[in-house]
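Enquirer: Residues per chain are reported as follows:
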Amino acid sequence: MTGVTKMKWYAKTYIGFIMAFLYLPILVLIVYSFNESKSRSYFTGFTLNWYKQLFTNDLIINSLMNTLVVALISSVVATIIGTAAAIGIMNMNKWLRAAVMNFTYLPIINPEIITGVSMMLLFGAFQTLFAWLGENTGVNIPFQFGYVTLVLAHITFNIPYVILNVMPKLRQMDKSIYEAALDLGCNEWQAFTKVVVPDIMPGITAGFLTSITMSLDDFIISYFVSGPTSQTLPITIFSMTRRKVSPEINALSTIIFVVVLAVLILVNINDARKEKLLRKKAGGGSRA
Amino acid sequence: MKTKATAFPYTIWMVIFIVVPLLLVAYFAFTAQVPVEGGLAGETRTVFTIDNISQVGKFAPVLTRSITLAAIATVICLIICYPIAYIISRGGGVYQRTLLMLVMLPMWMNFLLRTYAWMTLLEKNGLINRFFGLFGLGPFEMINTGGAVVLGMVYNYMPFMILPLYSIMTKIEVTTIEAARDLGADGLHVFLRVILPLSIPGVKTGITMVFVPAVSTFIISRMLGGGGYLLIGDLIDLQFLGNAYNPNLGAAISIVLMVLILLCMSIFNQFGDEEEMEGTLL
Amino acid sequence: MRKRWLSIALAALICLSFPAMAWAEEEDGGELELYTDEAYYTRFAGQGISINVYNWGEYISDGSDDTLNVNRAFQDLTGIRVYYSTYATNEELYSKLRSGNANYDVIIPSDYMIGRMINESMLLPLDKDNIPNLQYMDETFLNPIYDPGDVYSVPYTWGYVGVIYNKTLIYDEEELGSWDILWNEKYLGNILMFSNSRDAFAIAQSRNGYSLNTTDPDELRDCLEDLKAQKSLVQAYVMDEIFDKMLGGEAALAPYYAGDALTMMDDNEDLGFFIPEEGTNIFADAMCIPKGSREKEAAEMYINFMLEPEVGAANIEYIGYGTPNAEAKELLDEEITGNPVAYPSEEELANTEAFAALPQNTSLLLDELWTELLSNDEQYNRILVPMIMLAAILLSIGINVQRHLRKNKRNYFS
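Residue numbers (the working numbering), protein chains in the order written: chain A, 77 to 364; chain B, 727 to 1008; chain C, 3 to 416.
One chain only, chain A, in its complex shape (with noise of 0.2 Å):
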């Protein structure tokens, strides 16, 4: 990109209009995370006691530490299921891939809430097959809402994400390299492990990535599989909003904001560096 004209003054308004739609309500939650009232329509005075009172709120804790491992183990149950379910798409015919792709799709496209309702449904099918063979076979398997069908769940909706960053690598992949790594002599396992794993890896941590992200965030799906154990920090801020939400949730999506925008930043600095050297590196090579 070459032009880079500079912004005209209703393109400045505009922006400047849409980030104030956007950004209105997180400061309002910034701001009554430092109320000192409880009250959410009057501000009272300034304190930082709802930042020292988070950290001794179990069930908010909880719920952080839920929410992190959830999204954690099943990003990468999903990054390695995904990452090999793409190479073998790539391998099979147009008609086999097409309908396999369908319903990698089906979902991402399907209303979560039909995908948590279904989830639910299976779930509590499993339930009573369990009680069933428990009754009649004297297999005896545990199984309830909790942690097990959420990670579950979550790996569900997260594998589509991995594929569909996987998928687009492959494809640019040039499959010559890997013939030729076989040629000097790799196993097969080494061809895939040296050559084609260094080359979709972008694909594979952005893949992983995203699943860690829907993770985190997903209120919806949880909301039907979860058990009383397994409450995840959207669960618990939604049992919030109906009734007072404390303000303690405000001093915490405060932190969490603060962090996102200082790493945001960093990389942006960060970026914005390395493509001035390479600028400078490229136009150094045309003088030459």
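Worth flagging that the hints you see were computed from the coordinates, not collected in a lab. Note that the structure is predicted; figures quoted are calculated from it, not measured. Fair warning: there could be bad hints in the mix.
[As the list claims (entries may be wrong)] Keeping only pairs whose Cα atoms sit at most 35 Å apart, straight-line, the calculated DSBU-like set for lysine-lysine is:
hint, chain 1, residue 1, chain 2, residue 2
1, A, K350, B, K897
2, A, K352, A, K88
3, A, K170, B, K897
4, A, K270, A, K356
5, A, K245, B, K930
6, B, K897, A, K357
7, C, K298, A, K320
8, A, K352, A, K251
9, A, K350, A, K245
10, A, K84, B, K930
11, A, K251, B, K930
12, C, K130, C, K298
13, B, K897, A, K356
14, B, K730, A, K245
15, A, K84, A, K356
16, A, K350, A, K270
17, A, K245, A, K357
18, C, K331, C, K169
19, C, K188, A, K320
[What the hints assert, rightly or not] The calculated label-pair distances, taken between Cβ atoms and stated as ranges, are:
hint, chain 1, residue 1, chain 2, residue 2, range
20, B, P923, C, L171, 54 to 64 Å
21, B, L924, A, M277, 27 to 37 Å
22, B, V985, C, E175, 46 to 56 Å
23, B, L924, A, L353, 26 to 36 Å
Note that beta-carbon positions come from the ideal geometry of N, C-alpha and C, so glycine has one too.
Start from chain A and add chains B and C according to the hints.
Expert: Only chains B and C this time, still in chain A's reference frame:
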């Protein structure tokens, strides 16, 4: 590397956790629990019926309301986001990155909290009304209206519209636009003949990605609509985990919703269009 | 690779939450005087047992504002981990149990729901030897109609429904005192209403002079028409959200439970409360153990702990409802036991009726009518839909034509 077998675990997984659950929904939709005659209280047996599906007709107002509100929200989203995406895609370097970052950042806050913050803003004694009160205006009725629900949808799903639009627009080369200009097209013509047609795939993806979650949402309406603006999502929740337990009816409504969305998809020719989806997911 | 920051953010979050865990450890224990000996409570310590408690929102003393944190006290005392979650209505609890979505060990439904659950054999009989604190219960609350012989439940609280109003938003004090005020058009958009079928219908039933336990479909239909007529005046259908809305002065009138009214009146002086003259519902909420509980004995221990007079008193002080626990009532301040809202006179409660469990088809009908009420919308704009449909059709035609043209053009060039 030449083997299809690596997709095997995934295929099994998808069958168990995607296909079977949807079949279960269908099973529930077409069955009902009837009390066993002469049996214990609460004892029921399962019978096959299409009653549930035909009962969904009763909720036609809810269906139309959901579609209407979601459609309005989608159109507003498109109108608001198209210029933003264009402006961002035309800005260069740091500008572009910073703006994109600023647009995506709110997504990192939990959507329930953001919606809750809107409640604080829109209430009768909320911040906006108090602000207008300073000038002797208002109070305006904002919360618990259809407008508030639409606002909630627009606010929450805006990034889903901006992203696909942005990624398709960055692909439009400046040279293409310059060529059009050189050939005598004015601003309007450049937009109508070059930019708009080239961005249509992004528009379609954006519409789907906003409309689908908007039409099936079940929290936004409850928080901003005061429970009086029941949407399909609320109706489904009501039957499964809400105040009127009837999973069979809930499953039937789910099926109807799915069919409805597939219909919308086919209108926009989006289903299975893999090339277009790939670039647009986060 | 602009997504790398995501993982960094995550790492930062994780790092952040570890010191948080350590910080959470330090907490004052506040000495409790126990009526059951400690050996009873400590017998499961160190076995890694946990129980799942499912309760109404705002229905336990939770440690905020220097009150007793009941769950943590129980955990510290017994070593049994408590997973505590909340619901907003009896029907929600019922759905959650029926859908098999969770295995709870202790639940606290209301009378009629307990009756229904007993009918549908969803509860486990209690072992009273494990609940010695039953001896402190007020006799009048034992052996209730919904659970003869106290086989399945132990009363937790009792209360009744009335109307909370905001004095600054009421036009005429004379209008107070009757359910009719909730149908008064002067309060358009200023009324909050119950967001659960049984309580909402009970208001219409009392107003029409029907029994709260009517099984007559025609009477229920009448009530539905009443509620539909009221819908245009209603600002929102709420449960726990009422705290926020009434405290913030968002609405003038709201029917709700007396105990919660008391809590709200403590926080906002503008709020008042009356018992409608047509009569109202009097209810009891009781602790039960649902089928599927895996730790029944630990659950009974939890119930016993809730019956500890000091714990009971702390809960009642926090939630404002009436207590069936005689010993706990002794411990309460005069201020609370003398409050006419919390403990009204017998005359005031003369006109009340308790809910009974409804026959299954009446329950189903009620659920159906409730869904009908919520989905019905009189003020719905009917022109909008055809217009949207038209717009959608035009849009899809436009897109298809455009696609077609483009294809033709491409063919032309190639």
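Enquirer: Against this structure, judge whether each hint is valid.
Expert: Do the hints match the structure? See the list:
| no. | hint | in the structure |
| --- | --- | --- |
| 1 | A:K350 / B:K897 | 22 Å, holds |
| 2 | A:K352 / A:K88 | 25 Å, holds |
| 3 | A:K170 / B:K897 | 28 Å, holds |
| 4 | A:K270 / A:K356 | 32 Å, holds |
| 5 | A:K245 / B:K930 | 24 Å, holds |
| 6 | B:K897 / A:K357 | 25 Å, holds |
| 7 | C:K298 / A:K320 | 32 Å, holds |
| 8 | A:K352 / A:K251 | 33 Å, holds |
| 9 | A:K350 / A:K245 | 23 Å, holds |
| 10 | A:K84 / B:K930 | 28 Å, holds |
| 11 | A:K251 / B:K930 | 33 Å, holds |
| 12 | C:K130 / C:K298 | 12 Å, holds |
| 13 | B:K897 / A:K356 | 24 Å, holds |
| 14 | B:K730 / A:K245 | 18 Å, holds |
| 15 | A:K84 / A:K356 | 28 Å, holds |
| 16 | A:K350 / A:K270 | 27 Å, holds |
| 17 | A:K245 / A:K357 | 27 Å, holds |
| 18 | C:K331 / C:K169 | 31 Å, holds |
| 19 | C:K188 / A:K320 | 29 Å, holds |
| 20 | B:P923 / C:L171: 54 to 64 Å | 56 Å, holds |
| 21 | B:L924 / A:M277: 27 to 37 Å | 32 Å, holds |
| 22 | B:V985 / C:E175: 46 to 56 Å | 55 Å, holds |
| 23 | B:L924 / A:L353: 26 to 36 Å | 32 Å, holds |
Of the hints listed earlier, there is not a single one the structure fails to meet.
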